[in-house]
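J.: Chain by chain, the residues run as shown.
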Amino acid sequence: MTPDETKVDQDLGEERVRRVELAISNLLRIGVGTSLLIVLVGTVVTFVHHPHYLSSRRDLVRLTTPGAEFPHSVPSVIRGVEHSQGRALVMTGLLLLIATPVLRVAVSVLAFVYQRDRTFVVITSVVLTLLLASFVLGKAGG
Amino acid sequence: MTPLTFTLTVFAISVGAGVLGSLLGLGGGIIVVPALTLLLHVDIRFAIGASIVSVIATSSGAAAAYVREGMTNLRVAMFLELGTTAGALSGAYLAGVVPVRTLYLVFGVVMGYSALAMFRKRHTELAAVVPADGLADRLRLHSSYTDDALGRDVEYRVAGSKVGLALMYVAGVVSGLLGIGSGALKVPAMDLAMRLPIKVSTATSNFMIGVTAAASAGVYFARGHVDPFVAGPVAMGVLVGALGGSRLLGRLHSSVIRKVFVIVLLWVSLEMLLKGLR
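So the protein lines, in turn, are chains A and B.
In terms of this note's numbering, the first sequence has 73 at position 73, counting the first letter as 1, and numbering is strictly consecutive.
Count along the second sequence from 1, add 1000, and you get the number used in this note's numbering.
Some hints here could point you the wrong way.
Stretch by stretch, here's where chain B covers chain A in the computed footprint (C-beta under 8 Å, at least three residues) [claimed, not checked]:
hint: 1; segment: 40 to 53
hint: 2; segment: 61 to 70
hint: 3; segment: 97 to 103
Just so you know, the hints here were simulated from the structure itself, not pulled from any lab data.
Glycine included, every Cβ here is placed at the ideal spot set by N, Cα and C.
Looking at chain B on its own, in the form it has when it is part of the complex (with noise of 0.2 Å):
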């Protein structure tokens, strides 16, 4: 392979990175990683930078379509991104204090079980009657989007959002410190504990990742992590999927985002566990 064909290559696979990550709310690491390593045996530090480039594209570029379309809910990100940020500088603290074999097992599990709750909700188009939040009504996080697939506006109520932010904070420690999984677990937590709309979790996880991982993409740079000459296709590629994806979400129907979210976190969850138990 010549650096030209791996240039190309690189962008292609980046672009169904791009396409994935903005439906589900990801990053696109969960692709980009393991074809840089194993696919194009790229040293695993500079396919890690690349990552966290892809997450940052993931996000800023399908953000800019669901925050016009008003899919993103504004007001639970900013809320939500007191957990993530806090969560994220404690765990630059905690690394090396606790011990990551047994963090990636916990979370494995953790993982494993949002995808069965989440898999046996696969039925609902749309979350029937929402138990009453006191603190959802005072920050007015309720709202209501467009479901193109439906052909409707769909107004929805928030719950949940004290446990959502102490998710979100046990989301932040643990990308801190293992650098993945921070859309992974963001997306579960807004569709199970607080019960947004599916897409409304997508797009809203999508807005948020991006912070949290400029958080760490400074220290990634600063070591000499991100190869210009990787990140650099990862993320025109990252960039064009996401923004092709970001047109897409709308008209998908809520079920089959959520049965494609589930396989995929199945599969984080086996990767963990996998870490884990090496």
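Chain A with its partners taken away, still in its complex shape (with noise of 0.2 Å):
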């Protein structure tokens, strides 16, 4: 290989790695921008659906203490949201929150096997493993 070509390869790597970055930054951008509108709307239909808790102050208490009823398993979520819950859509919103890093692992994977770098194919996969594993045993333990 000619130093052209050496010249060539590298700057086509870095072409690669500037590409990388703004999808990673994209995918981050578009997960936060679409959780943050979700549970912007939730909260305003909550309020829309209980006019009393503009004036209200014994609701507060009712919300922000154990024993508040709200959905806390995907299938309430969906049932929830299905039947247009203001809190249902909020807890939509803060789900997506909650996946965006677990999206943005798994999209490291692939942008290193972009990259051809195997090194980092393989610690990213690890990574990926272990979060996947701590959510599956988490829930067992919890």
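Grab the two chains, each in its own frame, and use the hints to assemble them into the complex.
T.: Set out below in structure tokens:
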């Protein structure tokens, strides 16, 4: 390989690194933007459905102490959204927010495949596996 | 206080937490948890559930900008995430085995010491000479970033990658066990052991804390500790704050960020010591 070809190879590599950075940044932007929007809509819907929340002091205690009713499993969130419950919409946005970093790691694995960086494909795959394992084990334990 | 004023208050406080968290590489839990419990009398479990959401929001919100600007060192982040995720997983198993009070005391001291060590470097804008590190060479961890405050590109080399990885494992265990201190341990580890520029340290820590928090967020969600009425305004506020704060980091001087970080670290250390002694 001539020095010129090495240079071209390097430029191509840098171009790919830059593209990966933009892809990851865009993924985070989209994830964050969408969840922000859904949480906002859910909050507005909650107040529209319960106009007394604008004035009643007693409601606040009920909403922020243990025993407060809100969906906290995926099926119940989906059911709530079907009934256009504000709280279920907020939860949908929050779940999307929680999923964003996991998606980011998954995309990183692909990104290093694209960069043909075998060491980092292995590293990010191990991270993704450990992350998914903690989800599964966490569910079993909690 | 009515539910409406509560929502607005939580939103406003969270904007502040998002700005500070995005600049310092922390999750904002140090602001969100005391504000919710002491000021607004929210149940501690809901406050912790909301603070986990706040960590993820700060991380993803700020990282979107930092990655684009090249402030985050992606390779260092992914490499160190090996340590944090493995640590978080072990932490879940060690719960109940390790005495939590002792942990609070040990890490209160560790963080106090890190604060001191970082304070001693307060006049340095950038590290001078960095020792050679074969692993960092092989993994091509060295990089550069654009420092708007200095008005130039800064090339930097990474050292102590093995020690850094080990420290990240410990940080992962601690955040898995105590649910806090993940960014407060990551930034000093990158600053002191790996000799990264402070801005790169906070931006890279920012990038990583989301992954650590996401691992435990699922558990808090399933247990019903993520109350949409509390976590919703926290998420919105922190996201807005983090998006704004991430525009500031490039323009601020490293020495300013370092000083603010040291103060916050001392505060966290004191809080941990008090929890251990109580």
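J.: Can the segment 40 to 53 of chain A be counted as covered by chain B under the rule of three residues or more with Cβ-Cβ separation shorter than 8 Å?
T.: Since three or more residues must qualify, the claim that chain B covers the segment 40 to 53 of chain A holds, with 7 doing so at under 8 Å.
J.: Count the residues of the segment 97 to 103 of chain A with a beta-carbon closer than 8 Å to any beta-carbon of chain B: does the count reach three?
T.: The restraint on the segment 97 to 103 of chain A holds, since 6 of its residues have a Cβ under 8 Å from chain B and three suffice.
J.: Residue count check for the segment 61 to 70 of chain A against chain B: does it reach three with CB-CB under 8 Å?
T.: Satisfied; 6 residues make the cut.
This entry satisfies every hint, going by the numbered hints stated previously.
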